[in-house]
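Chain by chain, the residues run as shown.
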Amino acid sequence: MTILLQNAIFGALVGGLYGVAAVGLALAFGVLKMLNVSHGELIMLGGYLSFWLFTLWGVDPFLSLALTAPALFLVGAVLYQGLFSRLIRFPDEEKLKSSILIGFGLALILQTLAILAWQADERAITTAYTGQVLRLGTLVVPISRLAAFALGFVALGGLHLFLSRTDSGRAIRATAEDWQAASLMGIPVRRTYLYAFGLGSALAGVSGTLVSIGDAISPSIGLSWTLKALIVVVLAGLGSIFGTFVAGVLLGIVESISAFLLGGVYREVVGLVLFLLILSVRPAGLFGRN
Amino acid sequence: MLEVRDLQVAYGDQQVLWGVSLEVREGEVVAVVGPNGAGKTTTLLTIAGLLRPRGGQIAFLGSRIDGLPPQAIVERGLALVPEGRRLFGTMTVRENLLLGGYLPRVRPQRAARLAEVMDLFPVLAGRRHQRAATLSGGEQQMLAIARALIARPRLLLLDEPSLGLAPRLVRRVFSLIREIAGGGVTVVVVEQNVFQALEHADRAYVMSNGRVTASGPARELLAQDEIRRTYVGI
Numbered sequence: 001m002t003i004l005l006q007n008a009i010f011g012a013l014v015g016g017l018y019g020v021a022a023v024g025l026a027l028a029f030g031v032l033k034m035l036n037v038s039h040g041e042l043i044m045l046g047g048y049l050s051f052w053l054f055t056l057w058g059v060d061p062f063l064s065l066a067l068t069a070p071a072l073f074l075v076g077a078v079l080y081q082g083l084f085s086r087l088i089r090f091p092d093e094e095k096l097k098s099s100i101l102i103g104f105g106l107a108l109i110l111q112t113l114a115i116l117a118w119q120a121d122e123r124a125i126t127t128a129y130t131g132q133v134l135r136l137g138t139l140v141v142p143i144s145r146l147a148a149f150a151l152g153f154v155a156l157g158g159l160h161l162f163l164s165r166t167d168s169g170r171a172i173r174a175t176a177e178d179w180q181a182a183s184l185m186g187i188p189v190r191r192t193y194l195y196a197f198g199l200g201s202a203l204a205g206v207s208g209t210l211v212s213i214g215d216a217i218s219p220s221i222g223l224s225w226t227l228k229a230l231i232v233v234v235l236a237g238l239g240s241i242f243g244t245f246v247a248g249v250l251l252g253i254v255e256s257i258s259a260f261l262l263g264g265v266y267r268e269v270v271g272l273v274l275f276l277l278i279l280s281v282r283p284a285g286l287f288g289r290n
Numbered sequence: 001m002l003e004v005r006d007l008q009v010a011y012g013d014q015q016v017l018w019g020v021s022l023e024v025r026e027g028e029v030v031a032v033v034g035p036n037g038a039g040k041t042t043t044l045l046t047i048a049g050l051l052r053p054r055g056g057q058i059a060f061l062g063s064r065i066d067g068l069p070p071q072a073i074v075e076r077g078l079a080l081v082p083e084g085r086r087l088f089g090t091m092t093v094r095e096n097l098l099l100g101g102y103l104p105r106v107r108p109q110r111a112a113r114l115a116e117v118m119d120l121f122p123v124l125a126g127r128r129h130q131r132a133a134t135l136s137g138g139e140q141q142m143l144a145i146a147r148a149l150i151a152r153p154r155l156l157l158l159d160e161p162s163l164g165l166a167p168r169l170v171r172r173v174f175s176l177i178r179e180i181a182g183g184g185v186t187v188v189v190v191e192q193n194v195f196q197a198l199e200h201a202d203r204a205y206v207m208s209n210g211r212v213t214a215s216g217p218a219r220e221l222l223a224q225d226e227i228r229r230t231y232v233g234i
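Keeping their order, the protein sequence lines are chains A and B.
Using my numbering, the first residue of the first sequence is number 1, and each one after it goes up by one.
Using my numbering, the first residue of the second sequence is number 1, and each one after it goes up by one.
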């Protein structure tokens, strides 16, 4: 029982990061109706940024969040302006398909560039507090992962406040719901798209930093993060930030418990089975609005 | 105040407006009536900037607005309440109204405007924290009009405001239109409810098949036998 609970804790801590990654993907998807399948590569870039900031200048990875988020916002804004913005006038279905193609190409390019620049090796950040744990009876909770989980949650809380309390945030939600009606309110829709894509990318940056705190990073981690984020988005449905976070935690727990019970090879399978199950039983997701 | 000249609009290679011309003077209530598919909605969408004309000109307050994006047109004081209301259904009544006051020039007075609009529409005040999608049809129409009024437009375009409303609410909407006009806002209203529209408008245009087929003082049009037979049904 204890060992099961221990696995659940590890799973939940990783799952929180799935949640943060998924919210970034869902934000861009909900507003632009584009699926950025290079989201995972942006996470990878965020991770490397934190890694190098730590390795070269000793910047604490938690502090480097203040840099990775805006840096990835800029990267996202450039990618949007240079590539994705060309799709804006396409009909929804073509827009979605084309964005997936662009994203795949981009993912390959970013991954290759990362290998050229930093080699294919795994890198990890080892701070003074790496490996320290909190003991709860017989259970252990790694402190750095717990802090990463908490920070991810706080970042999403900040996003929630931004989207619900500010004019720019409401403009993003209005554009997601009905861009034509939004433009009739005087909202500059094109600029709003740019901000939404940038914000989604900034969240990838946050995810990347948080990943680098608890896990090793390498140029090839992108695809698996994109997949996790996709599964979580389908699991949660669109429209709820905290629903997405909870779905991420859920996926993390299910993965780690099934890996423990069935063996490590089933970790990925279970997530995909869950993905298909939700799609066939409740296509709107657990917390989605219609 | 608004001058539309020889407007040509097409969806793809299907032309739907064939040289529509209209004029709206300050302080008027102008009705645009006609059967389904006449091009009334297309005309309004083009004026508001959501469609680009293939030819012709639109001038508002003396300057050309055709080809400008919708946000630039609303910025100049021309607001559209679109067909089907197009509220932000997952957002609250209050949020919808705040978005109506999104324009930077409106924001400083937004709180005061919100209070004014709540006075004009007491139903909305009681439901301010309710999601817009949960309102009744009549309340949704009030909210859509209120949302457009927050920015205090000079010219308000209303597309089928009575669509789907009970007769009692239809009368309420039209008396509201007079009230708004009384407050100094010029109004263009597109309607299928031809009788009500002509009763309440100063002037009217009759459209069919993408063209203006008749125009004049609303009372005179209402008195014409042909229009009575075709649209009013009496």
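It is possible that part of the hints are untrue.
Partial pick of chain A residues on the chain B-facing surface, computed with a CB cut under 8 Å [unchecked claim]:
| no. | residue |
| --- | --- |
| 1 | T112 |
| 2 | R173 |
| 3 | D178 |
The following label-pair restraints were derived from C-beta to C-beta distances [unchecked claim]:
| no. | chain 1 | residue 1 | chain 2 | residue 2 | range |
| --- | --- | --- | --- | --- | --- |
| 4 | B | A115 | A | L56 | 53 to 61 Å |
| 5 | A | S224 | B | E83 | 41 to 49 Å |
| 6 | B | L61 | A | D92 | 55 to 63 Å |
| 7 | B | Y11 | A | I100 | 58 to 66 Å |
| 8 | B | T230 | A | D178 | 42 to 50 Å |
| 9 | B | R107 | A | G157 | 21 to 29 Å |
Worth flagging that the hints you see were computed from the coordinates, not collected in a lab.
Ideal Cβ placement from N, Cα and C applies to all residues, glycine included.
Fill in: Distance restraint evaluation - A115 of chain B, L56 of chain A, Cβ atoms, bounds 53 to 61 Å
holds, 56 Å
Worksheet item: Between Y11 of chain B and I100 of chain A, is the Cβ distance one that fits in 58 to 66 Å?
Response: The hint (58 to 66 Å, Cβ to Cβ) is violated, given that Y11 of chain B and I100 of chain A are roughly 28 Å apart.
Item to complete: Could you say whether the range 42 to 50 Å given as a hint is met by the Cβ separation of T230 of chain B and D178 of chain A?
Response: Roughly 34 Å apart at Cβ, these two residues miss the hinted range, so it is violated.
Fill in: Per-residue hint verdict: T112 of chain A, partner chain B, C-beta under 8 Å
Nearest chain B Cβ about 39 Å off; hint violated.
Worksheet entry | 55 to 63 Å as the expected CB spacing between D92 of chain A and L61 of chain B, which holds or is violated | violated, 36 Å
Item to complete: Go ahead and decide if the range 21 to 29 Å is satisfied by the Cβ distance of R107 of chain B to G157 of chain A.
Response: holds, 25 Å
Item to complete: Go through the hint on D178 of chain A and say holds or violated, using the shortest Cβ distance to chain B against 8 Å.
Response: At 6 Å from the nearest chain B Cβ, D178 of chain A passes the 8 Å test, so the hint holds.
Item to complete: Please verify that hint: R173 of chain A, Cβ, nearest Cβ of chain B, below 8 Å or not.
Response: The hint holds - R173 of chain A has a Cβ within 8 Å of chain B, the shortest such distance being about 6 Å.
Discussion item. Can you tell me whether the CB distance of S224 of chain A to E83 of chain B sits inside 41 to 49 Å?
Written reply: holds, 46 Å
Figure legend: structure checked against the earlier numbered hints; hints not met, in rising order: 1, 6, 7, 8.
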